[in-house]
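Hints are included, so try docking the two chains, each in its own frame, into the full complex.
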Amino acid sequence: MEELIEIMKGIRPDVDFETATDLIDGEILDSFDIISIVSEVNDAFGVEINVDDLLPENFNSAEALYELIQKLQAE
Amino acid sequence: MSLVSLVCFKFALITVLLYFLVLKEAQWFILLIANIVFYLSYGVKYIVFLVAAGLVSYCGALLLEKEGRKPTGRKKAVALITILLIMSSWIVLKYGNFIAGNAVGLAALFVPSLSFERFEWVLPLGMSFYTFHAIGYVVDVYRKKYPAEKNFLKYFTFLSFFPHMIQGPFSRFGDLSKTMFRGNSFSWQRLCEGCARILWGAFKKIVIADPTASTVNMILGSYSEYGGIQIIFAIFLYSVRLYADFSGYMDIVCGFCHILDIGLEENFRQPFFAKTVDEYWRRWHITLGRWFRDYVFYPASMSKSGMKLSKWARGKWGPKLGKLISGYFAMLFVWTATGLWHGANWTYLVWGYLNLIVICSTMQLSDTYSALKEKLHIKSESFAWKLFCMIRTFMLISFFRFFSVAPDLGAAFSAIGHTIADFRISLITQPSAFLLDMFREEIILAGIGVAAMFTVDILNESGKWEKVKSACPIVLRAFIYSAMIVMIALMMKGADISQGFMYANF
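Read top to bottom, the protein sequences are chains A and B.
If you count by the numbering used here, then the first sequence holds residues 177 to 251, one letter each, in order.
If you count by the numbering used here, then the second sequence holds residues 6 to 511, one letter each, in order.
Quick caveat, the hints were computed from the structure, so don't treat them as lab data.
These numbers come from a predicted model, not from an experiment.
Lysine-lysine pairs mimicking DSS-like chemistry, simulated, CA-CA at most 27 Å apart: (1) Lys309(B) with Lys247(A); (2) Lys185(A) with Lys313(B); (3) Lys185(A) with Lys309(B).
Cβ-Cβ distance ranges computed for the label pairs, FRET-style: (4) Thr195(A) with Thr434(B): 58 to 68 Å; (5) Glu203(A) with Thr341(B): 23 to 33 Å; (6) Ala250(A) with Thr460(B): 53 to 63 Å; (7) Ile433(B) with Leu231(A): 50 to 60 Å; (8) Arg274(B) with Leu231(A): 20 to 30 Å.
From the structure, some residues in chain B lie toward chain A, with a derived Cβ separation under 10 Å: (9) Tyr147; (10) Asp283; (11) Arg298; (12) Tyr303; (13) Ser315; (14) Arg319; (15) Lys328; (16) Ser331; (17) Gly332; (18) Met368.
Glycine residues also receive a C-beta, built at the ideal position from the N, C-alpha and C atoms.
Excised from the complex, chain B in its bound form (with noise of 0.2 Å):
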């Protein structure tokens, strides 16, 4: 069931219909069979994994929940096999052919008549989001920051919530239980509200994502076709596309959260007003960057090696590497995590790499950056040095995405050499040769969809939307929402369904 169709606006109606219909105790249930209904509509074999992890991360939970605050050995070894049996079967299923395959390549370094062939497996819906959902639910209860649930059909409700379980964001129990199972009451501000939110979600993914993903896919499908200058605009486009897509669903999502009462967290705070990479990623999937700050980050940089390590780097190079230095350690194992968790291929461990090379190495040479700037008399607070900042930082985070849209590491550096040695930059007065089988009103209600989105983000940024929104007249704003409409339903041409989400594939 796609998010974006006939069938799952309809699916959504009578959920909140009939959450709202029943007793409040009981509109956590409604929820539950709402979630296995959406899951079950994808297929039914895979809802065995999210079965499993869901029990797998219940009991471990209730184990732990026995033991003391101190960390034990007990403890310890309990929440460990919890998470490695959670992340078991995603291991293989997403990583089983990355790692055999490596293998095989190794061996066959030794015995050539070695071959691999590829495992026909399909990663299930939302596995990626809901072993992160476990492992960080067993990990709180480890820590003590919340006790664990004791009604096993409560913890699946979280656990399965379709909101959240395709493409995050990532919540915790503690958080999203306080709103989940409180018993909500119907309120038409909320549905008002909510509903404003998922056209604005439905319209970001459906005028401006949907229509220009042919024009992406065919410059950067067939890059050596085309110019420099032509797959530079597409590998821009693809990061406005992606933004909108996935920023889409979240508005879709929280939208619909809202209609219910129900505290989803958000996942974007206009990410391309960023000045320095490490900025965009405390602004883009804030939720999954958390996840990795709270479970991978500290973890790492507190564990008895990085504190060893901070202490012996003071000792030796002065008290602002040392400072830094555990921080590295520890962001060495988050971006080799997060580019992985994107995709089982050797271009997005690259991609995390290319981030975390960026992000450290600022950090390393702010001093020098600040001595330049002071000598170079540039205002950090200058609007035109914050644009260049915003405009260097979107620029850097295209450039990685090389290689997180390229099928393997040669097709990377092939696509990059290519763009810089045949540029053709004569094509740029020509801009038929950049929006190639888009047809004309397409591109109008694109740039439409483009600007509005960036001009709420301009106000979203500057703490004014709000302020616009409310002074907004009501016949202005009715006639924004159906303008709106009538854009998505020309989009659509008529179809029931739009394309599947990007990030679900992750």
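Just chain A, same shape as in the assembly (with noise of 0.2 Å):
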């Protein structure tokens, strides 16, 4: 999680992304961050993050983000 959580501030250091709960629903995260994020977490973490998985609740918190991380690790 910390891991991720530095990640998210490489890319929006303005944003708190330890207690932020509407990352997309609040527009603070935008179309390119969101491609700037998933990029990064698919080297980071080894994973493949595709398009089908874009939806709110996947991104709306680190929190949502990391637990779409462990079951795509998980499959």
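Right, here's the structure in full:
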């Protein structure tokens, strides 16, 4: 989880990823942020997040994204 | 049947009456009949294309429904074939002349005797919109965002839904079906709110957009006869007119759907308050931007090529460009598609690429801009800076319109050249040189209309609109509505139909 927060902070240092729960619904992350996060997460965690996983519920918080990563790693 | 006409008003009234008179379970069937009647009012033969798009997307989605979550080869093939079938007639009818004309033009370089005669095809009403609705539906089912609809007639009600079929907004089946098929109750409050919004939309269309059309068309159609300052005025007026026309349409259809308690999505959020071109496109025709984001931008940027490009760029040019490069790569597809969607002409492609260049360069140079602002002691949050950015964005967007209104690239460049070379600044003291053939009363009424439209936008932008509206005494409200009706009647001068909507041509 810490590694994920580090990655997200590297892309958007101005966002408090520990507490934010409306990253998509609140329009905090834009489409460029999302593809940057996906690109770095794919490399760092050895997963392949594809376009079908781009749902608000998977990206609204760091925790939700971490759950998606764990799910993809388990597959 | 024009949306702003007496016959359409009667049609909408009958639809609302029947909708609330029948059983809730049958309400969607009334909508289906209304959609078919509305479409047939424009001609009988073109409904074949709509039904074909409906059948292909319906069957394709049912086949995709049987597939698992994983994107297998078979699943991809079904989706691809379905999308190609949906798009085929649209591509032929919308782009046939463009593709064939350019191919023949290219071949004529080697065989000079070749010539091209345009096909006299007419693009069926709403085809650009229902084609995209059908593609969005198929892709969403492919992505398992929601299940495929089993009842073809229900799906066809969505696809042919007349309020969103002529000019958008682009709706998602998963969202719209929630309110379209649940069975809705009549509410006086909704009726009043809906009627007020319809009136506001008709006001924008008839009092602002329609009367300014002839002036704009006259200057831009024969630009060589006018001075640069007149052309610039006409281009600015065109931007305002397009906004009044398109957002007026949205107000009318959203108001109608509000009465029926069907949730149609908003398409505008005060676009002239945007401080950058990128922000403008998040406020203007919002649902089209979202469509391209979901079905073009993400798939392109997250494709294997996009991800490889991003990784390579990060290693070669550092994290910043690496972060942006796959986005730029995808934006190239988005703006090519956006340009071509608006029209099968090189002018629209150039218009799209101008937007692309400005958006990408703004992102790329954001650090330089920040440093420059700091050096010049410019406060980003100051009103003066925000106002400057808004005016700059409006001017840029208006400048791009030189290309979207010109019949060909030569005419666009010639108009720009003429604007600079023959500016005629002295005309600025002669108001009659700008609003050419508009009557004095029309200018006054349209001026009041524009002032009202921007006042509402300012209040909406500052978040005060709802408060102001609810605090407005009923007598004042009645006076405002009456004044709007009188102004509409004066502008229509007894006619029972207004001009067609500009965006329906796309």
